Amino acid sequence: MPDLHHRHWPCPSGVQPIGRLVIFHGTHEHSGRYRPLAAALGQAGVECFGLDFHGHGHSKGAPGDIGSLEDTVADAASLVTSVSLRTPTLPVAIFGHSLGAMVSFLVAHRLSSSGHGLPACVVLSGFAMDSESPPLGVEALRPLLRLWDGRLIARVVAVLSRVVPMMDAVPLDSAWLTSCPEQLRLLQEDPLNYKGWICNRTAHCLLGLRAQCRALLPRWGRGFGFLLVHGANDQVCPRSAVDSLMAASPGSDKQCRVYEGLRHEVLFEQRAAREMATADVVAFVTSRLAAA
5 MPDLHHRHWP CPSGVQPIGR LVIFHGTHEH SGRYRPLAAA LGQAGVECFG
55 LDFHGHGHSK GAPGDIGSLE DTVADAASLV TSVSLRTPTL PVAIFGHSLG
105 AMVSFLVAHR LSSSGHGLPA CVVLSGFAMD SESPPLGVEA LRPLLRLWDG
155 RLIARVVAVL SRVVPMMDAV PLDSAWLTSC PEQLRLLQED PLNYKGWICN
205 RTAHCLLGLR AQCRALLPRW GRGFGFLLVH GANDQVCPRS AVDSLMAASP
255 GSDKQCRVYE GLRHEVLFEQ RAAREMATAD VVAFVTSRLA AA
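Per the numbering used here, the very first residue in the sequence shown carries number 5; after that it's consecutive.
No wet-lab data here; the hints were simulated from the structure.
Note that the structure is a prediction, hence the values are computed from the model and not measured.
We put the CB at the ideal spot given by N, CA and C, even for glycine.
Wrong hints could be hidden among the right ones.
[Unchecked claim] Pairwise CB distance ranges, derived in the manner of DEER restraints:
1. 16 to 86: 22 to 28 Å
2. 295 to 260: 32 to 38 Å
3. 159 to 39: 35 to 41 Å
4. 287 to 247: 18 to 24 Å
5. 294 to 120: 18 to 24 Å
6. 274 to 175: 21 to 27 Å
7. 14 to 295: 20 to 26 Å
[Said to hold, decoys possible] Computed list of lysine to aspartate or glutamate pairs in EDC-like fashion (alpha-carbon distance at most 20 Å, straight line):
8. 64 to 7
9. 199 to 177
10. 64 to 247
11. 64 to 74
12. 199 to 172
13. 258 to 247
With the hints as constraints, model all of the structure from the sequences given.
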């Protein structure tokens with residue numbers, strides 16, 4: 005992954021690590037936004053690592069272009085594996101938001117199926133499996149996403165991703181992400197946050213991730229605990245995805261927190277709300293890492 009940017013947040017001096025967490029960000033953002041989460045986890049003894057996906061943050065590639073699905077998942081799995089190999093005695097957890105939540109979902113299943121004891125636990129924020137942004141920003145086209153169980157739009161986007169990969173496909177309005185004016189301002193002023201629409205190639209990747217996540221629901225969560233955190237007022241990714249996962253997963257250690265009044269980015273909401281969501285993530289991760 006020579007063209008991909010990585011971040012590392014070690015534990016503060018004097019804090020003994022109990023484990024590690026790998027962070028995967030959402031569409032158009034970057035792993036650097038999760039420094040506050042890494043800081044809270046670091047105080048609790050969790051060393052954190054982050055990856056900027058292709059075309060995001062400091063990584064190479066056209067802004068907003070995540071590239072292929074398989075490369076994205078393979079790069080993420082490679083980072084989790086390499087973090088684990090740094091100190092094999094320390095357990096490793098995975099955190100993913102939105103797009104990164106779907107990538108985390110597939111990475112966790114791939115690694116847990118390989119029998120290497122990874123991951124110790126998983127946290128999915130704003131799980132995007134049921135996201136339905138209207139094609140071309142036209143609400144009247146939204147039903148196309150459900151036609152033939154989504155297969156029609158998937159075929160159309162697959163062709164467009166090859167012919168005009170960087171053409172605008174769907175909007176991603178930053179105002180949908182948080183109700184906190186200060187967090188929204190920071191997001192909009194962040195030069196590493198891409199401000200454009202989701203392009204065809206990224207849309208193709210997102211649709212592929214959705215399909216693979218849905219297919220794995222009845223098999224996902226065996227061998228590791230997971231926590232789902234989701235805003236009740238999420239206009240980007242409906243809570244139906246977390247409800248479906250909680251109902252279908254055969255896992256015995258599964259928890260879900262749905263926060264009333266919060267939007268898509270529960271870790272970037274009003275101060276009291278984001279501190280509550282962060283505390284829930286820290287408590288879950290540290291308890292599972294300590295027991296691993």
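Violated constraints from the hint list, given by number and in increasing order:
2, 10
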